[in-house]
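Enquirer: Okay, here's what each chain looks like letter by letter:
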Amino acid sequence: MKRSWLCRGIQKALMPASSSRAGPVSNKALVMGPSGFVAVLAGWFTTEVGRQPFTVYGLMRTSESLSPVAAPAVGASLVAFVIVYFIVFGAGVFYLFRLFRRPPVMEVDHELDLGPTRAAGITPGPAQEDTIREGVNHGD
Amino acid sequence: MEIDLPTVWAAIIAFAVLAYVVLDGFDLGVGILFPFFRDRHDRDIMTNSIAPVWDGNETWLVLGGGGLMAVFPVVYATVLPALYMPVILMLLGLIFRGVAFEFRWRTTRGSIWWDIGFWLGSTVAAFTQGIALGALVQGIEIVDRAYAGGWWDWLTPFSLITGVAVTVGYALLGATWLNLKTSGDLQARSRRIAMWTGGATIALIGVVSLWSPFIDQIYFERWFGWPTAFFSAFVPMLLAVCAFALWHGLTTDKHLQPFLAALGLFVLSFVGIGISFYPYMVPGALTIEEAAAPDSSLKFLLVGASVLVPVILAYTGYAYWVFRGKIDPEEGYH
Numbered sequence: 098m099k100r101s102w103l104c105r106g107i108q109k110a111l112m113p114a115s116s117s118r119a120g121p122v123s124n125k126a127l128v129m130g131p132s133g134f135v136a137v138l139a140g141w142f143t144t145e146v147g148r149q150p151f152t153v154y155g156l157m158r159t160s161e162s163l164s165p166v167a168a169p170a171v172g173a174s175l176v177a178f179v180i181v182y183f184i185v186f187g188a189g190v191f192y193l194f195r196l197f198r199r200p201p202v203m204e205v206d207h208e209l210d211l212g213p214t215r216a217a218g219i220t221p222g223p224a225q226e227d228t229i230r231e232g233v234n235h236g237d
Numbered sequence: 011m012e013i014d015l016p017t018v019w020a021a022i023i024a025f026a027v028l029a030y031v032v033l034d035g036f037d038l039g040v041g042i043l044f045p046f047f048r049d050r051h052d053r054d055i056m057t058n059s060i061a062p063v064w065d066g067n068e069t070w071l072v073l074g075g076g077g078l079m080a081v082f083p084v085v086y087a088t089v090l091p092a093l094y095m096p097v098i099l100m101l102l103g104l105i106f107r108g109v110a111f112e113f114r115w116r117t118t119r120g121s122i123w124w125d126i127g128f129w130l131g132s133t134v135a136a137f138t139q140g141i142a143l144g145a146l147v148q149g150i151e152i153v154d155r156a157y158a159g160g161w162w163d164w165l166t167p168f169s170l171i172t173g174v175a176v177t178v179g180y181a182l183l184g185a186t187w188l189n190l191k192t193s194g195d196l197q198a199r200s201r202r203i204a205m206w207t208g209g210a211t212i213a214l215i216g217v218v219s220l221w222s223p224f225i226d227q228i229y230f231e232r233w234f235g236w237p238t239a240f241f242s243a244f245v246p247m248l249l250a251v252c253a254f255a256l257w258h259g260l261t262t263d264k265h266l267q268p269f270l271a272a273l274g275l276f277v278l279s280f281v282g283i284g285i286s287f288y289p290y291m292v293p294g295a296l297t298i299e300e301a302a303a304p305d306s307s308l309k310f311l312l313v314g315a316s317v318l319v320p321v322i323l324a325y326t327g328y329a330y331w332v333f334r335g336k337i338d339p340e341e342g343y344h
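Chains as they are written, first to last, in our numbering: chain L, 98 to 237; chain W, 11 to 344.
Hints are computed from structural coordinates only; laboratory data are not their basis. Errors might be hidden in some of the hints.
Ranges of calculated distance between the beta carbons of each label pair, as one might list FRET restraints [stated by the list, open to error]:
{"no.": "1", "chain 1": "L", "residue 1": "195", "chain 2": "W", "residue 2": "228", "range": "51 to 61 angstroms"}
{"no.": "2", "chain 1": "W", "residue 1": "76", "chain 2": "L", "residue 2": "178", "range": "16 to 26 angstroms"}
{"no.": "3", "chain 1": "W", "residue 1": "193", "chain 2": "L", "residue 2": "157", "range": "50 to 60 angstroms"}
{"no.": "4", "chain 1": "L", "residue 1": "203", "chain 2": "W", "residue 2": "195", "range": "34 to 44 angstroms"}
{"no.": "5", "chain 1": "L", "residue 1": "123", "chain 2": "W", "residue 2": "325", "range": "31 to 41 angstroms"}
{"no.": "6", "chain 1": "W", "residue 1": "228", "chain 2": "L", "residue 2": "179", "range": "25 to 35 angstroms"}
{"no.": "7", "chain 1": "L", "residue 1": "184", "chain 2": "W", "residue 2": "76", "range": "24 to 34 angstroms"}
{"no.": "8", "chain 1": "L", "residue 1": "138", "chain 2": "W", "residue 2": "112", "range": "52 to 62 angstroms"}
All values derive from a computational prediction rather than experimental measurement. Quick reminder that beta carbons are idealized off the backbone N, C-alpha and C, glycines included.
One chain only, chain L, in its complex shape (with noise of 0.2 angstroms):
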């Protein structure tokens, strides 16, 4: 069964412990993965083009539409932003690419443990001695 080079190549940056006899439905269902940011961004760029030039259509322009704050500031505040974006998804990218790289590992003689263990909306990445300090639980 051939897989095309662009299957084969994703696979390899993200899982280079993973066997090459890896089936067809994982392989599409990894490169499906960025599928929901695509769908979201697109319909973003769709809607925020496309109502140009109105902020309101057909009632408000956007250049009516305008706070009374100096370019200077909000190019500033821009760059600024920027800035930080790329240094949280940055370092976010980086080290969800340092989970990635390790298989899930079977947990053995996983105890029960009763009560809370999560932050709210918190999902636990694998256990990984070397990305996580000695000594502290991670709920698992």
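Position chain W against the provided structure of chain L, taking the given hints into account.
Expert: Relative to chain L, chain W alone:
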């Protein structure tokens, strides 16, 4: 039945802002206190103490700010451009504080940087909130429902003092929260910090309270002019009661009392601001009535808010109930 919708909504927004200040107050306070705890394990416990609740606490800011846009759009349109720089800095601070929560667990050598980010983000967020408050008390120059002032109007000695006051106040909230949630050496040290920050907070509240009547004649008349002085005199008296409760609770090793006393200081300061401001939303420029959106919008929004805000309060209370009690130093909240 005739309800004055703008006043009802002003009360709801005021409640949301107060809820944000006291709830995120101790979250930011824990971050502000980071440099005082050298041991990494101590800092882990500190973040674990707020990890289950900090997300929900920050969302009250969204309710306050978003609600302001929906209900008092003129205030949103005039005050936020006036406070553009402090607000942007606050947002950047909150971003770093938020991600540092998670990223500090993902690395061993780099975690000190994220701890610095956590501290810096918390301190910047607290300081800029105080500056925004001070700038608002001073008054925003509004001509014809648009902001008409300069770009650095918010930067004055008074707003810098209020910035320091809010930062120190949040540190007090953080220290009393740690006194409530931790045990052993960590708790003893947070109690000592609470004594110092408590004294500093009360001193700064005094400085700001005595300064602000001289900022604007309206405030002077509210606080010193008869007959309103009779009612406003309750605020300093109750502040003294809270200050005593704080000192007493800390010296007699009470756990909940210092935190409640610190909360009381914040609530009373907020009430004091309300006394100074009412019926203005933007002092000297916009009253609540003038700034409100049309009644139909307010009614529409009130229907939603009257269902959702009790739900929010219920699940928030439940979350605090689930995570009640002292932190077990061995157990993770992550």
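Enquirer: Now tell me, hint by hint, if it's right for this structure.
Expert: Results for each hint:
| no. | hint | verdict |
| --- | --- | --- |
| 1 | L:195 - W:228: 51 to 61 angstroms | 58 angstroms, holds |
| 2 | W:76 - L:178: 16 to 26 angstroms | 19 angstroms, holds |
| 3 | W:193 - L:157: 50 to 60 angstroms | 58 angstroms, holds |
| 4 | L:203 - W:195: 34 to 44 angstroms | 39 angstroms, holds |
| 5 | L:123 - W:325: 31 to 41 angstroms | 38 angstroms, holds |
| 6 | W:228 - L:179: 25 to 35 angstroms | 42 angstroms, violated |
| 7 | L:184 - W:76: 24 to 34 angstroms | 26 angstroms, holds |
| 8 | L:138 - W:112: 52 to 62 angstroms | 23 angstroms, violated |
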